[in-house]
Amino acid sequence: MISWLSSSDAGALLLSLKLASINTLLLLLLTAPLAWWLARTRCRLRPVIEAVVALPLILPPTVLGFYLLLFLGPNGWGGQLMQLLGGHPLTFSFAGLVIASMIYSLPFAVQPLQNAFQSAGGRHLEVAATLRAGPVDRFFSVTLPLARRGIITAAVLVFAHTLGEFGVILMIGGNIPDVTQVASIAIYDHVEALDYSAAHSLSIILVAIAFTLLLGVYTLNRRFRLLGSSP
Amino acid sequence: MSIELKLQIERPEFKLSIDTVIPKRGITALFGPSGAGKTSVLRCIAGLERHPARIQVSANVWQDDKHFLPPHLRSVAYVFQEPSLLPHLSVQGNLEYGFKRVPKQQRHIQFDNTVELLGLSALLHRNTEQLSGGQRQRVAIARALLTSPQLLLMDEPLASLDDDSKASILNYIDEVQQQLNIPTLYVTHSTSEIVRLADHLIMLDAGQVIAEGEINELLTRGDLPLAHHADAGVMLKGTVAAHDDQFHLTVLDVPGGQLAVSKKNIAIGAPVRARLLARDISLALIKPEQSSIQNILNARIHALIDDADPAQVLIKLKLDGGYCLARITRRALSKLALNVGMEVFAQVKSVAVVSNQ
Chain B
0 MISWLSSSDA GALLLSLKLA SINTLLLLLL TAPLAWWLAR TRCRLRPVIE AVVALPLILP
60 PTVLGFYLLL FLGPNGWGGQ LMQLLGGHPL TFSFAGLVIA SMIYSLPFAV QPLQNAFQSA
120 GGRHLEVAAT LRAGPVDRFF SVTLPLARRG IITAAVLVFA HTLGEFGVIL MIGGNIPDVT
180 QVASIAIYDH VEALDYSAAH SLSIILVAIA FTLLLGVYTL NRRFRLLGSS P
Chain C
0 MSIELKLQIE RPEFKLSIDT VIPKRGITAL FGPSGAGKTS VLRCIAGLER HPARIQVSAN
60 VWQDDKHFLP PHLRSVAYVF QEPSLLPHLS VQGNLEYGFK RVPKQQRHIQ FDNTVELLGL
120 SALLHRNTEQ LSGGQRQRVA IARALLTSPQ LLLMDEPLAS LDDDSKASIL NYIDEVQQQL
180 NIPTLYVTHS TSEIVRLADH LIMLDAGQVI AEGEINELLT RGDLPLAHHA DAGVMLKGTV
240 AAHDDQFHLT VLDVPGGQLA VSKKNIAIGA PVRARLLARD ISLALIKPEQ SSIQNILNAR
300 IHALIDDADP AQVLIKLKLD GGYCLARITR RALSKLALNV GMEVFAQVKS VAVVSNQ
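These protein sequence lines are chains B and C, in that order. Position 154 (the first sequence) corresponds to 153 in numbering that gives the first Met the number 0; numbering is contiguous. Position 174 (the second sequence) corresponds to 173 in numbering that gives the first Met the number 0; numbering is contiguous.
Worth flagging that the hints you see were computed from the coordinates, not collected in a lab. Note that beta-carbon positions come from the ideal geometry of N, C-alpha and C, so glycine has one too. Each hint should be verified, as a subset may be incorrect.
Some chain B residues judged to face chain C by a derived CB distance under 7 Å, without partners named [what the hints assert, rightly or not]:
| id | residue |
| --- | --- |
| 1 | Q82 |
| 2 | L83 |
| 3 | G120 |
| 4 | E125 |
| 5 | A128 |
| 6 | T129 |
| 7 | L130 |
| 8 | R131 |
| 9 | G133 |
| 10 | L145 |
Kindly produce the complete structure, drawing on both the sequences and the hints.
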């Protein structure tokens, strides 16, 4: 029933992993300041921003995909901006997929980071300040180590969630082999073509990857608890 | 070196104003009831809270109308009420955190000495979670000291500890003070802690300084509540004069004479402090020769103070180099016709000795 991966399936799988890796890296770097701000601020706009960040959790991926298509397409602001800068519209391109994935996975990065920064702050930062550590020093020597569990959780969730993307990618990226055809879409293709064995091979690999990632997170959490060094 | 502190805190329903100079030697206790704003004062000095203030340590202005030095640039160490050790670092990591961030030429407090002083040698490689409450606070104190601060702030460092740990930490704080002599501002609402530790006292109430000065001076002032406690009394500073092996006694030189106490294993010449409670002191006009009370100090009556109990009266006595209090009955006062300026003999029924050894 299970067959070896065809070269196009292997390409789709690699594309999925590449998308998930790039998305995880960019999203963590870009959302860390936002999560930090949300964890610290007393601004009255905070609930509004938190709600916007959480939107991708409940919106159907097709809705996100639809608006991204409008925004990034040749007639959208994003698309026109790209053309002004001398580029092509981002729809049906890998760069477009990255942008879409970042928005789709936004809450999976922001929420764990925000929680981590909230619990990794306060008194410990004051202690560090009285021990001569400046603000940047405090971030790297206190906040990051105390928030590491949240950071790892955010990274794994974003990575796994990106692997499982389907609707948004279909809307914005279409199904171009080696450009926008990721594993989840290749599986859909195989099922439509009644090629169950190819669908099976890809699916079982995705299951294995997802399980390994989650097992890693839970084992790590357990170790942190045993060490008693969780914040 | 001097530490000038002028500070105003205004919050809804709370105002605090302080204008004082913190002595450059010894422990100054900031003493007052809960909610008097003591912690806010410390936080402001450390730069953790910002209020209108002028803070100058030696020639360095930490804060005034124009300047505000952030906490990490102030040469101040802070021991919080809870030890607040950094949980991702070992004991050694915690100790080194501040130590490494102080430039080498400014480190006048050595790492190994401090570790030894606070009895932490065996704990260096422990995880902070494995420590008892007292051990954690010792690490926190050592960690603070290792930044070689010009000023040490302690915010009720004993509050979260059990009685045994309290006694032990008090000894460590004493020892640190004697060996390193860092000006210390110590926040507490405990009378026993100020009597035990403080050299100087700033009393806060309702956001105002109601009195400040040398500890025994304030402990014996009739207009302050301290003199009216059931445990009112003084802490006399003295030294060990001799040991008497025959009667198992140690003799102390204190202001006003000598006191013999049960034999202590303290070197001759070592500094000690003797706690004399007002209720344990009685007065005689002629030196009593036929009395079981052998500890007698020469004193002169400095003031008569009304006590809360109308049957009693507090006598403030001037010793040679200090003060103490005696609580006697009004009848005795009248029978002996005691009055200000008279020479008397203070018979001391009981002495508690405090020392680090």
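Failing hints, ascending? 1, 2, 3
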